[in-house]
Amino acid sequence: MEARMLSTDVFKLCLKVFICSSLGVFSMDGFSQEASSVTRLKKLTVEELMNIEVMSVSNRPEKLTEVASAIQIITAEDIRRSGVTRLPEALRLVSNLQISQANSHDWAITARGFNGLPSAGGVLANKLLVMIDGRSIYNPLFGGVYWDIQNVLLEDIDHIEVVSGPGGTLWGANAVNGVINIVTKSAKETQGLYISAAAGTLLKDQVSARYGATLNPNLFLRVYAQRMDQRNTELDGDKTAHDQWHNTQAGFRLDYNPSTANTITIQGDTYYGEANDSISYTVTDGQNLMTLFTHTFSPLSNLTVRGYFDRTWRRRPNNVANPFFYELYTHDWDFQYRFPVGANQSVLVGANYRFQRDQVVRGLTPLSRDMPLYSGFVQDEIDLANKLLKLTLGSKFLHNVFSGFEVQPNARIAFTPNDVHTVWAAASRAVRIPTRFDSDVTITPIKFDSEKIAAYELGYRIRPLETLSISLATFFNHYNDLRSLDESEPPAPPIVLANSQTAESWGVELSANFQAATWWRLRGGYTNFHKSIWAASDLVLPVSKEFEGVDPKNQLMIQSIMDFPRNFQLDLVGRYVDDLSAVPAANVMAVESYFTFDVRVAWQFKSSELSIVGQNLIDDQHTEVGLSKIPRSIYGKITCRF
Amino acid sequence: MSILKTIAFTFLYILLLLSNVLLFGQKSMPDVKEYQVKAVFLYNFAQFVEWPATTFETANSPIVIGVLGKDPFGSFLDETIHEENVNGHPLRVTRFSKLEDVKECHILFISDSEQDYLKKILEKLRDQPILTVSDMNNFARQGGIIRFITEERKTRLRINIEAARLANLTISSKLLRLAEIVPEEKKIEQ
Chain A
1 MEARMLSTDV FKLCLKVFIC SSLGVFSMDG FSQEASSVTR LKKLTVEELM
51 NIEVMSVSNR PEKLTEVASA IQIITAEDIR RSGVTRLPEA LRLVSNLQIS
101 QANSHDWAIT ARGFNGLPSA GGVLANKLLV MIDGRSIYNP LFGGVYWDIQ
151 NVLLEDIDHI EVVSGPGGTL WGANAVNGVI NIVTKSAKET QGLYISAAAG
201 TLLKDQVSAR YGATLNPNLF LRVYAQRMDQ RNTELDGDKT AHDQWHNTQA
251 GFRLDYNPST ANTITIQGDT YYGEANDSIS YTVTDGQNLM TLFTHTFSPL
301 SNLTVRGYFD RTWRRRPNNV ANPFFYELYT HDWDFQYRFP VGANQSVLVG
351 ANYRFQRDQV VRGLTPLSRD MPLYSGFVQD EIDLANKLLK LTLGSKFLHN
401 VFSGFEVQPN ARIAFTPNDV HTVWAAASRA VRIPTRFDSD VTITPIKFDS
451 EKIAAYELGY RIRPLETLSI SLATFFNHYN DLRSLDESEP PAPPIVLANS
501 QTAESWGVEL SANFQAATWW RLRGGYTNFH KSIWAASDLV LPVSKEFEGV
551 DPKNQLMIQS IMDFPRNFQL DLVGRYVDDL SAVPAANVMA VESYFTFDVR
601 VAWQFKSSEL SIVGQNLIDD QHTEVGLSKI PRSIYGKITC RF
Chain B
643 MSILKTIAFT FLYILLLLSN VLLFGQKSMP DVKEYQVKAV FLYNFAQFVE
693 WPATTFETAN SPIVIGVLGK DPFGSFLDET IHEENVNGHP LRVTRFSKLE
743 DVKECHILFI SDSEQDYLKK ILEKLRDQPI LTVSDMNNFA RQGGIIRFIT
793 EERKTRLRIN IEAARLANLT ISSKLLRLAE IVPEEKKIEQ
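Keeping their order, the protein sequence lines are chains A and B.
Under the numbering used here, the first residue of the first sequence carries the number 1, and numbering increases by one thereafter.
Under the numbering used here, the first residue of the second sequence carries the number 643, and numbering increases by one thereafter.
So that you can see chain A by itself, here it is in the shape it has in the complex (with noise of 0.2 Å):
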């Protein structure tokens, strides 16, 4: 009784608090972030301007041009501009990465090949470190990410950081092929009320809500939620692939900055989401909470501590004859300490403890596995010639529960005689230390051991006039140990997982961003990939190819961000992904090549932000991989800021 008197009070409450804000909202001076903000700003007295505070278009074009790697970066704006609503769509727009959509929730993403086999949906791509805010989120089951569950509100993204190539030495674990980092804004740069709301015909519906609050001059807070429904899409013959899902995601940042030295950031999020398939549904829930914390000693000296804590959740509910269930615990503390030794070097050492425990219903034994990860890295900038040459040596040492010891030692050198040009060159070492799938699917124990790849990269970057910038990376990767599916004999079942392929990667990626003019920028980019894989055993089934990877041998794209008068925007994307080879072995058909683009027109008014987006308009419906047809489909949107 109490209860419930109490939550009608809470009602109350509810309706009178959102009374209340809406009345304060409205009666607030809405800002909008383009134009019209401009008009306001030139109301300003020069001492009120002098009070504002900026957003600071970050250095980190021009430092960029000195990384000794194939580093590419989208921002928030380029994110925004193209019209995608989710996390995988944005990553698209990253030309060094390799990304084909499945279904309507499943994508299979890795940089520099070994995608998996077409029709597993993306669950084999196993070389890819994926952050969000230093907080990993590829799963050691497969070694993959499950895409489905990371659902990032987009508004919040500042940048995403995409190394392609191995991160081995700086980054953690499974920084093989390639390294994404995506970083949000923090709490401060997202004050104030934004509410979005789309619908359409492939997404059914997104609605995004997010406050950001100043609760005191050195503490921040935003809140937001987000939900989304995505329709089915079809396979051959007309026939529905009932892989309809939606999602509903909520979230906090906290962000205090009790002096200028020291940041603390508290963040969090919880999901919950049912995606479709043709046999059954998988429900997915999760949490996950951080706290960071850095010190700054000097601008060449700082202290970074990270503890996050993330649960994840699977499972099938109504299928009895295949039933899944999935629960991954994931304890994280990260330190990392930079310092100058001399003049001329700049330190960098961490240590990193990571706890995993898993739960399974069946298939891999034991049912449950403690999975203590321990690394350590230290790396050496050294400045050899008055910034002109620049040396990074360093490697990370690992331990883990699969493989034992790991070592993974990288050199990198830049070249940078001035603006315009640098030259860059790489060589490392990097493993995939085995997942549970590897090392457990089987009772008889095998023993599975680390992949291992040696890589070697060589770069060029120029920036031939002022609004031009051109970067050209070239690799050649060697992989020992690389996963293949064996025959065996008796008592062991008939197919076994060994190491007993080599294989051999190499190709270019040649990205650009050009501002042709003040109202109209373009990038983009070409990536052209080689590979090849030889059985090192007589005992390997041929089908072991294709099961790491079919991947294309040219994708292109680009993308066009074009201003108009009267707060108008006209966005494309076009993108162009060649053929995938059939596996007949694996009953997997070919995928034929194709090109698609995306349209986004938007108007701005005031504070309010109209827009339509067309999205893969080319063709009625194309194939990716896997057996679902993504069709050409459209959606509006309307967002508001206060």
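Honestly, the hints are just simulated from the structure, not real lab data.
None of these values were measured; they are calculated from a predicted model.
It is possible that some hints are incorrect.
Unchecked claim - The calculated DSBU-like cross-link candidates involving lysine-lysine, where the alpha carbons are at most 35 Å apart (straight line), are: (1) A/K42 with B/K675; (2) A/K42 with B/K745; (3) B/K740 with B/K766; (4) A/K188 with B/K816; (5) B/K745 with B/K675; (6) B/K761 with A/K387.
With chain A's structure known, arrange chain B on it following the hints.
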């Protein structure tokens, strides 16, 4: 029952917190970009600086805002001065890729990309009636007139009055009052 009560109280607390914030919380403007503000500053400078009478051919000759080197403003500067005029002088934006191109210009923003040539640029412009503005370190101390300083995300101004005097420009006290003046003893010796 007690769990329900706890939950209800927690909700109540969060709502109260939120409602306070919504109604009385400080509100800063979201996502104002650095160069959006700097563009508006340049527009303001046109109003707070007096050029020698001979600078303008006629009463409605334009005031030209130049950007030398890599333009960091994007479309912000053009949007800001669009259809604006100061005392009858319409405002124009011109972009220069190198120093030799700088001809008719009243306010010149020197981009970071010109860092290496700064000495040469300031030397050539020092006695011309051009208000030089930049983000570069030590710009005002090296003889530039106004430097933007971004500190804790706010924009401040540092003004070298001596350099303004050499250029024959009069800067309004309204602007000087709010700026940091470069110490007199740091004379320009280019």
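CA of B/K740 to CA of B/K766, is that 35 Å or under? holds, 12 Å
Given the hinted pair A/K42 and B/K675, is their Cα-Cα distance within 35 Å? Given pair A/K42, B/K675 holds - Cα atoms ~14 Å apart, limit 35 Å.
Pairwise hint evaluation, B/K745 against A/K42, where the allowed Cα distance is 35 Å at most: It holds: about 27 Å lies between the C-alpha atoms, which stays within 35 Å.
Restraint check for A/K188 with B/K816, where alpha carbons must lie at most 35 Å apart: holds, 31 Å
Is the straight-line distance between the alpha-carbon of B/K745 and that of B/K675 35 Å or less? With Cα atoms ~29 Å apart, B/K745 and B/K675 stay inside 35 Å; holds.
Hey, B/K761 versus A/K387, does the alpha-carbon distance stay inside 35 Å? Given that 35 Å is the threshold and the Cα spacing comes to 21 Å, the pair holds.
The earlier numbered hints are all upheld by this structure, with none contradicted.
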